[in-house]
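Protein chains in written order, with my numbering: chain A, 309 to 642; chain B, 309 to 642; chain C, 309 to 642; chain D, 309 to 642.
Everything labelled a hint here was simulated from the structure, so no lab data went into it.
The structure presented is a predicted model; accordingly, all values stated were derived computationally and were not measured.
Hints are not guaranteed to be accurate.
Which copy is meant is left open, because identical chains are indistinguishable; a pair holds if it fits in one copy or across any two.
[What the hints assert, rightly or not] Straight line, CA to CA, 30 Å or less: simulated DSSO-like cross-link-like pairs of lysine-lysine:
id, residue 1, residue 2
1, Lys632, Lys383
2, Lys314, Lys369
3, Lys426, Lys397
4, Lys451, Lys322
5, Lys397, Lys632
6, Lys369, Lys322
7, Lys369, Lys439
8, Lys632, Lys314
9, Lys314, Lys383
10, Lys451, Lys383
11, Lys321, Lys369
12, Lys451, Lys509
13, Lys439, Lys509
14, Lys632, Lys451
15, Lys383, Lys321
16, Lys322, Lys383
17, Lys369, Lys383
18, Lys314, Lys509
Number of protein chains: 4
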Amino acid sequence: MIVALKPGVSPEKKDELIRRLGEQGLRVQEARGEFQTVLCLIGDTARIDPELLGSLEQVDKVSRVTEPFSCCSRKLHPADLVVEAGGVKIGGGHFALIAGPCTVESEEQLMAAAAAVKAAGADLLRGGAYKPRSSPYHFSGLKEAGLELLRAARRETGLPLVSELMDIRDLELFSDIDVIQVGARNMQNYDLLRELGRCGKPILLKRGLASTLRELLMSAEYIMSGGNERVILCERGIRTFTDYTRNTLDLSAVPMLHELCQLPVIVDPSHATGMSRLVPPMALAGAAAGADGLMIEVHPDPEHALCDGAQALRPEEFAALTQKIRRVRDAVAR
Amino acid sequence: MIVALKPGVSPEKKDELIRRLGEQGLRVQEARGEFQTVLCLIGDTARIDPELLGSLEQVDKVSRVTEPFSCCSRKLHPADLVVEAGGVKIGGGHFALIAGPCTVESEEQLMAAAAAVKAAGADLLRGGAYKPRSSPYHFSGLKEAGLELLRAARRETGLPLVSELMDIRDLELFSDIDVIQVGARNMQNYDLLRELGRCGKPILLKRGLASTLRELLMSAEYIMSGGNERVILCERGIRTFTDYTRNTLDLSAVPMLHELCQLPVIVDPSHATGMSRLVPPMALAGAAAGADGLMIEVHPDPEHALCDGAQALRPEEFAALTQKIRRVRDAVAR
Amino acid sequence: MIVALKPGVSPEKKDELIRRLGEQGLRVQEARGEFQTVLCLIGDTARIDPELLGSLEQVDKVSRVTEPFSCCSRKLHPADLVVEAGGVKIGGGHFALIAGPCTVESEEQLMAAAAAVKAAGADLLRGGAYKPRSSPYHFSGLKEAGLELLRAARRETGLPLVSELMDIRDLELFSDIDVIQVGARNMQNYDLLRELGRCGKPILLKRGLASTLRELLMSAEYIMSGGNERVILCERGIRTFTDYTRNTLDLSAVPMLHELCQLPVIVDPSHATGMSRLVPPMALAGAAAGADGLMIEVHPDPEHALCDGAQALRPEEFAALTQKIRRVRDAVAR
Amino acid sequence: MIVALKPGVSPEKKDELIRRLGEQGLRVQEARGEFQTVLCLIGDTARIDPELLGSLEQVDKVSRVTEPFSCCSRKLHPADLVVEAGGVKIGGGHFALIAGPCTVESEEQLMAAAAAVKAAGADLLRGGAYKPRSSPYHFSGLKEAGLELLRAARRETGLPLVSELMDIRDLELFSDIDVIQVGARNMQNYDLLRELGRCGKPILLKRGLASTLRELLMSAEYIMSGGNERVILCERGIRTFTDYTRNTLDLSAVPMLHELCQLPVIVDPSHATGMSRLVPPMALAGAAAGADGLMIEVHPDPEHALCDGAQALRPEEFAALTQKIRRVRDAVAR
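The following block holds chain A by itself, in its conformation from the complex:
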């Protein structure tokens, strides 16, 4: 961590600051320039809050050199992490296709979707039993009955399950769900993250709409520092000024996250774009950018899903897409 002092700070004030930093267990090296003096802090700076340090009267500017995350730092963990969930591997060269309906609506709908994505080559089945909705008047999922249907679909197809947990009090209900999803709106629900750090299950952590990569990794750090290292990161679009698409899919996050950390990174083109006709090109782009997997919404009958799921691909569209995804992965790998 680098601390640039304000021009004209008195030697006493400077020494006071150095003394305090020393009390935090840090060594300080000093570099004096024409206009400014700079302190280099050496040691465990992860516990130092750069904003608070920057607000001290002596300080002009603080910048990080070492990232504040360690459990999920590529520098400390050079090898790719492979997460295994229900017998399926993700990361380190293992590509996972996660597909299914946005929301579990009925037995008929889920079974049709599950069979279709299985037939098309999906590796895991996704389906929401608890749905975050921005309006209190919209359908928010079948809850426990939805989880029950998901289990039935798993029995039928053998596909491991991915489903979103919203409320920390429901954690026990998810004890046999293969991958617990943390939605974008909950990425900084720290109490939830802490509990998941103790649950021993793979966690699919979605990036928040306004979250930097550092914040995403700090949220992963919450889970991992609690003892659960099986975290999968998911880019699903960020909020920008653009207005034609719901969010802006930030695909450069994929190679950047691979550089910063050892965790698998997947892409969700369905939520990012909000429009089924943009899903195939963005799914292919995600695969080309090096994602370790894709999460795609598939609905057996989007035509009649006025209340839900209409942004989904039809089974035949998904089947055609999976062929192209495979070819793109081959094209990039060679």
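Position chains B, C and D against the provided structure of chain A, taking the given hints into account.
Chains B, C and D in isolation, oriented as in the chain A frame:
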């Protein structure tokens, strides 16, 4: 709600859509243009999800006319709502100054802060017992002991309390806290909002960093539709591309929210800027923009608060600021 | 265009508005709802400024149905436009690889770069003779001498040229440059766009850092309505809150622009990311998303380019990338 | 400037980098940490491009300590700059109220507006003769005839003039305009800025919609390094994800710019909000935040200005607002 059809939609497809919308209890009026046909939906459109409607094959574009919130709509509730908390009124001409330390650190710190803000004319005391921190390695509050100290400060000063609830499981511990704060990161924690809709206490709802005003109001609607109408909105800065300040304080949200809804709107310049020297100008700007209150961090000794609270004003800075705030309110009101 | 009236507008005020709109040559259809009345404007609404209309006292909200661009509207021009530049075709299935150094530095550098990109299969040579730099103290190009070197490189390799015009007064100097580039910072330099509308040369129009797709298309409309239809659009990253990459490459713009207009759309991963190691994955992602071309910076010796060009790929990296790009295009096309 | 090296960089590579930096005239101090080595560069780093430096193979991260602007740096120019234009002073305690129509439409309109703003106490008259419009089909100003009318209004009222220059070729036509405005879209039109650096007239430089404060100051530096120090900065709203207001007025830029530089800073609430009813609260907020002036649109008859100017205040609204602005300034100053 307005639905523009794609050019060249067949009459059968159009009639099918109109029939389905009719099944949702909506009347449909049709306007045929040279290039496009437009349907105006009349009735209770709050239950219609515009994104899903927009994804249908017949539909080119959907736009809302009536806002999807009703509990907190100014059109339906023309009079300003006055929220009363611990004997203090906020809104409808009643201005509330909420001040205190970011985090409760110790009895000495809190008592000094509380006495100082009381002396300077604050109306409520703020203090965090549970703190959301982006790093799992930073201090996250004294928890129950912090709430206990807050109660002691209330006994001492008579100031009602504002404190943040992060985890839904802690709700009972907040039963005698005068105003429960929902932080920006929890603005779309819908299960938490639903519980608060049943708790009968004033809620201070902070705008999320990437939340539109509509989303903020939909979150208020979650609370209010559950039966608790005592919601105070708080603008605390949004995330933008700017890099000199932590966030961008969106003060135009104050008059815009007053136009859209009947709820009191306050401003938090401390979190928006993250720098104590920017707090006074932004606090004054917030008062000039018509805010119903301000929430300002005050610490008795920011000099020695390396671990916390250094973005706070000193008591004497806060006292000087309150004088100016009063004068600005007078200047604007006349 | 849809105009929602404020609740409670008097019949006289409404009729006055309808009369005025009629004077603009528009037909008005009225739809009365429970809370609000909506006017559908039919006719040539491109001349209507929606913000000004929205500011009238009778009006609650305005939303566009028909887009305000016509020269570059897919609805009016369903077939892909193929732009030909120096014998190379772009668009409508023709993919163009544009490569070369960011800035022309010297004859040696440019010739080496040109030979290398030619050998690797590039279709056009890029090189900046006039460079926009955010600091007045940074190197801003060789100017006319740079253009002269580009011409020499064209003679040597046969590759048509792409170079950026910054100052309208230099237009004549570009008379034999094959494609004139308008940089992101000049996307709304309307006087420049108008002149380019009269110059009869292919224009590569880069999206501004904070420009919506509609604004990009309105800038294309400036050029095209002047009589020059040969416009190529370029996505080069937008400004968002992200901080690890310079800008955020918005790849969903590619399929969305293809849906909105008939123009070719290319992607510039070099400027979007600002880091050479992110260029290959983002170039591949752009190809997978359906771009009609890529513009990539290549420098013969980035190691020694402290003053310029270090974000570029080395020739051998570019050559390897072109192989993968071809394979990805095949994978996606089948 | 601080350069953090990648972990594991060889001593040879490090020495090579230090040697090269030395060739740029910089002294280098080295600080070795557990994981990383950091170089502090001392000397004139304004000529170093941090992005290019950051792309070198040895380098992990670069951060600036000293800002890259010097002409407009508060550190080097501690006293407030007072800009004088047509006898009116702006900055250093001198507050300027700039008002008038968005666009000069006719003699009648301009004279009425000029008389009204003069009567209400405006210090300068604004009016656009050349208007940037996002659509080529919208009215783009009366051009030279508009400038002629502005001169007539100046003769009538004595108010100095502020008007926007869009095209560098029109510079001579502006030779007797008191303040030349550079619009937000032209903030990085560097050739224009360079010419204005030689013109010896006060320049009102508007912040671009996606420009950081550093970029705004670098654009001021373009003008000032050419010899023209009379630059006034203008905050007019930035582009964010918000959708209820046209842009987001970033008022924290006012105190932050005052801290960074010596130039006067004014606020334009009219363009930021795009809605006349939001102009008064945002104007008052700007005054409370410490702006050195305000630029406000006033139209004698916004009711009948369907084609232009409808976002403007009426003369009586402006007159009432000026009273409040004065009172707010008093309230803040004491």
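Evaluation of the provided hints:
1. Lys632 / Lys383: between (34 Å within a copy, 28 Å between copies)
2. Lys314 / Lys369: Both, since 8 Å and 22 Å are each at most 30 Å.
3. Lys426 / Lys397: within (16 Å within a copy, 42 Å between copies)
4. Lys451 / Lys322: neither (58 Å within a copy, 35 Å between copies)
5. Lys397 / Lys632: both (21 Å within a copy, 26 Å between copies)
6. Lys369 / Lys322: Close inside one copy (14 Å) and across copies (26 Å); limit 30 Å.
7. Lys369 / Lys439: The answer is between: 25 Å across copies meets 30 Å, while 42 Å in one copy does not.
8. Lys632 / Lys314: between (57 Å within a copy, 29 Å between copies)
9. Lys314 / Lys383: Intra 32 Å, inter 10 Å, cutoff 30 Å: inter-copy only.
10. Lys451 / Lys383: neither (41 Å within a copy, 34 Å between copies)
11. Lys321 / Lys369: both (16 Å within a copy, 29 Å between copies)
12. Lys451 / Lys509: both (20 Å within a copy, 28 Å between copies)
13. Lys439 / Lys509: Both, since 20 Å and 26 Å are each at most 30 Å.
14. Lys632 / Lys451: For Lys632 and Lys451, neither the intra-copy (35 Å) nor the inter-copy (45 Å) Cα distance is at most 30 Å.
15. Lys383 / Lys321: between (35 Å within a copy, 19 Å between copies)
16. Lys322 / Lys383: Classified as between; 19 Å across copies, 32 Å inside a copy.
17. Lys369 / Lys383: Cα proximity of Lys369 and Lys383: in one copy and across copies (25 Å, 14 Å).
18. Lys314 / Lys509: neither (48 Å within a copy, 34 Å between copies)
Hints 4, 10, 14, 18 from the list above are not met by this structure, while the remaining hints are.
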